[in-house]
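Colleague: Residue strings, one per chain:
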Amino acid sequence: MLEKSMLAKQGSDKSLSPAGAAKREHGSIKAVFVSVYDSGLNRRAFLRQTGAAAVLLGLLGAKPSVGLAQGSADRVESDKGSADFNPHSRSVVEAVQLQLFPDDSDGPSAKQLNAFQYLSWALDDPENAADGDKAFILKGVGWLEEQSNATLGDSFIRLTPTQQDTVMRQVSQTRAGENWLSLLLYYLLESLTLDPVYGGNPDGIGWKWLEHLPGFPRPVEGKTYLDFS
Amino acid sequence: MKNTHEFDICIVGSGVGSGPVAHELAKAGYRVGVLEKGKWFKEKDFFKDEQLGRHRVFRSQFKDERHTLEEPNGDGTWSSETTAQFWGGNVVGGASNFMSGYFHRLKPQDFRLVSEFGEIEGANTVDWPIDYDELEPYYTKVEQLVGVSGKVVEHPHLEPRSTKDLPFPPTAEHPVAQKFDLACKALKLHPLPMARGILSMPFNGRLSCEYSGYCGSYGCHSGAKASSRAALLDNAVAGGNCEVITQAKVYRLNTDDIGKVSSADYFDKDGKTVRIRAKIFVVACYSIESARLLLSSIGPKHPQGIGNSKGLVGKNLHCCAGGTGHGVFKLDMLEEFEAKQLKIRGPFFNRALQDWYVIDDRSVSDKPIKGGTLDFVFDPPSPTAETSGLKWQGDNLLWGTPLKQKIKAHFTKSKDFKFEVFCDWLTNDECYVSLDSDETDKWGQPVAKVRAGFHPHDEKVAQYLVDRGVEVMKAMGADEAWGNVFTSPTSNLVAGGCRFGNDPETSVLDRNCRVHDCDNLYVTDGSFMPNGGSVTPTLTIYANAFRVADKILEEMSQL
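So the sequence lines, in the order shown, correspond to chains A and B.
Here this note's numbering is used: position 15 in the first sequence is 15, and no number is missing along the way.
Here this note's numbering is used: position 122 in the second sequence is 122, and no number is missing along the way.
Since the hints were derived computationally from the structure, they do not count as laboratory data.
These figures come from a predicted structure and were not determined experimentally.
A few of these clues could be false.
Under the rule of at most 30 Å between Cα atoms (straight-line distance), these lysine-lysine pairs were calculated in the DSSO-like manner [as the list claims (entries may be wrong)]:
hint, chain 1, residue 1, chain 2, residue 2
1, A, Lys208, B, Lys39
2, B, Lys42, A, Lys223
3, B, Lys408, B, Lys330
4, B, Lys141, B, Lys551
5, A, Lys208, B, Lys330
6, B, Lys442, B, Lys63
7, A, Lys208, B, Lys269
8, B, Lys151, B, Lys141
9, B, Lys551, A, Lys223
10, A, Lys208, B, Lys415
11, B, Lys179, A, Lys208
12, A, Lys111, B, Lys408
13, A, Lys208, B, Lys44
14, A, Lys223, B, Lys442
15, B, Lys179, B, Lys442
16, A, Lys223, B, Lys269
17, B, Lys413, A, Lys111
18, A, Lys208, B, Lys413
19, B, Lys179, B, Lys330
20, B, Lys551, B, Lys279
21, A, Lys111, B, Lys406
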């Protein structure tokens, strides 16, 4: 199948089952972006389903079902009372984000997108918190540092960009490591294209780069998705 | 039960099946109570914010309410998952707030598929108890009252009309429509301007479309979209005879010793039980949920649930069969002005093809078979969802400059146009709603279980139509074109489940959509439909609800 056909709302998470999977919605037979939320699958069900290869088209863009892939034993159920970023873990995540979306003179970098600020805000969203994303990201910082120390003898933040990329590729070889990077990318790309009211994409810098026209009226402070419930 | 409310007519649900009844009965002076599970959001609440959809702000949350969905695995076994995909809009006006509004009429042969095309083995197709002519005046009424824009043109499958044209001129068209028309004419096809439930000029207190390009799954900020709320309920409430009670989750209809509905019980926002009394009750809360409510309403005369003495409630459910296809135009291959034109956002594509509404092609079938409609459309923009999907390159995660370049190319170097294929989802014994004995919602009520078996005939028809769409995209000059057939149920556009008919042995509702063995209960959403037509059924549900409203008015005048 063409790469294009897996775009956006109808890709699957890694493997693709072309027939019979896309969901339709509203007036249009639109292959809905069946995110974990949209499809209403809980994470366990989602994993069962992906594991069974009965994959819903649409999960390509969905938030990865992170730590559960490792079994629920080492997975925190929610972020209640869990640790927060400290200066070190923040530096590591910022360095990873800059590798994921570098300052390469074509388009905004993670830093210009306010990707870290967006991430720390988004992780406190009730649903994301219930998913335990912050704890998982912090746990991943530990794995990355372990890997970095084991192979290059130093903390990730003191490596050269090339060395950092090497360590990230090593980490991405495991399912959990790949999920960790995928989750960071999920939030990073939100900071590229969501409305600036959410803290990323300052002044629509991401939209301008992508020549994307936002709709109107745009959301305003006090009328974000959190203000409707 | 402390609270008691009393109405002449009580309607469960506030979507397309509800609005016409509320509007007409309230206008005639009757006291109407509409019970809606969700909240009341208005134009000012509908920001074009992708997060609203991503976080299901206007839909039921999975943790609160679910459905069980069973689908065939293809090897004789069935999958079973809980899902929230069938919640289309947990707000006043229901899913019609988030529709695209493709307002095609059904055609006369859709009312008599068996007579026209014969029976298909394994399908439960039947002719309708009414014909097209009986519904035609109500199509016209919807077009005028709810507001349908577009232009009627002659074509081989044009349905008979009592009015020459639609009451509102077409909404603004995207330049790609001209490209489409030229390609279709070269292929000797009949490109049709699409009838839309979207105002092209202000009407009845609603504004015209603002062309932000964020239509479809985004709520309408101008009121141009013909949602049941904007087009009907706002008016009905303003008239003083209609009350919409929000956050009222109806869980049971109570019936008396002679089998009539005496009251409806709902949970209010605090989970407290409230009882509503009325002379006539109407159920219109989306086919799956309407069947669930009837099945859940056990009474002395209705031990299997209301209308279910023959075990037919929930049966013969149908979705929209079909598929989608795409044509991608590489912008750097085009003249600059043309590339610029294709990138315009705001106006609509607004084209459809119905040349294959009946397929007469020996390569598919020895005799003519029912075909369908191709709608050429834009998806509502969802840049975050699109972008997020681009991080995978095959099996590997992509990052760094390669990812940035891929995202940039996706947004700036090409333009993706889409078509959607609609054909009949043949009713069959393996597609129905029942109550789940294991799963309950947050109110402790059994959820609906949807078994979604499809008939292989649908795949054949859909594939034929998808192939035609791909040919059109290629003729338009698309650099890449492809399409897929779906056999999974659509999450929206589900209908049937309480089929109407003249024979109580084989149908749940009579020809006026009154439950056969319950004299004061009507079902006015899409549940009545024996088949959905090869179009989105929304316009027809509106029209039928206006037809039934007239029948209820007749009955009320005799009470």
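Colleague: All the hints need checking, so say for each whether the structure fits it.
Modeller: Against the structure, the hints come out as follows:
{"no.": "1", "hint": "A:Lys208 <-> B:Lys39", "result": "violated (36 Å)"}
{"no.": "2", "hint": "B:Lys42 <-> A:Lys223", "result": "holds (13 Å)"}
{"no.": "3", "hint": "B:Lys408 <-> B:Lys330", "result": "holds (13 Å)"}
{"no.": "4", "hint": "B:Lys141 <-> B:Lys551", "result": "holds (15 Å)"}
{"no.": "5", "hint": "A:Lys208 <-> B:Lys330", "result": "holds (20 Å)"}
{"no.": "6", "hint": "B:Lys442 <-> B:Lys63", "result": "holds (8 Å)"}
{"no.": "7", "hint": "A:Lys208 <-> B:Lys269", "result": "violated (43 Å)"}
{"no.": "8", "hint": "B:Lys151 <-> B:Lys141", "result": "holds (16 Å)"}
{"no.": "9", "hint": "B:Lys551 <-> A:Lys223", "result": "violated (43 Å)"}
{"no.": "10", "hint": "A:Lys208 <-> B:Lys415", "result": "holds (17 Å)"}
{"no.": "11", "hint": "B:Lys179 <-> A:Lys208", "result": "holds (28 Å)"}
{"no.": "12", "hint": "A:Lys111 <-> B:Lys408", "result": "holds (18 Å)"}
{"no.": "13", "hint": "A:Lys208 <-> B:Lys44", "result": "holds (26 Å)"}
{"no.": "14", "hint": "A:Lys223 <-> B:Lys442", "result": "holds (27 Å)"}
{"no.": "15", "hint": "B:Lys179 <-> B:Lys442", "result": "violated (51 Å)"}
{"no.": "16", "hint": "A:Lys223 <-> B:Lys269", "result": "holds (22 Å)"}
{"no.": "17", "hint": "B:Lys413 <-> A:Lys111", "result": "holds (25 Å)"}
{"no.": "18", "hint": "A:Lys208 <-> B:Lys413", "result": "holds (14 Å)"}
{"no.": "19", "hint": "B:Lys179 <-> B:Lys330", "result": "holds (15 Å)"}
{"no.": "20", "hint": "B:Lys551 <-> B:Lys279", "result": "holds (15 Å)"}
{"no.": "21", "hint": "A:Lys111 <-> B:Lys406", "result": "holds (19 Å)"}
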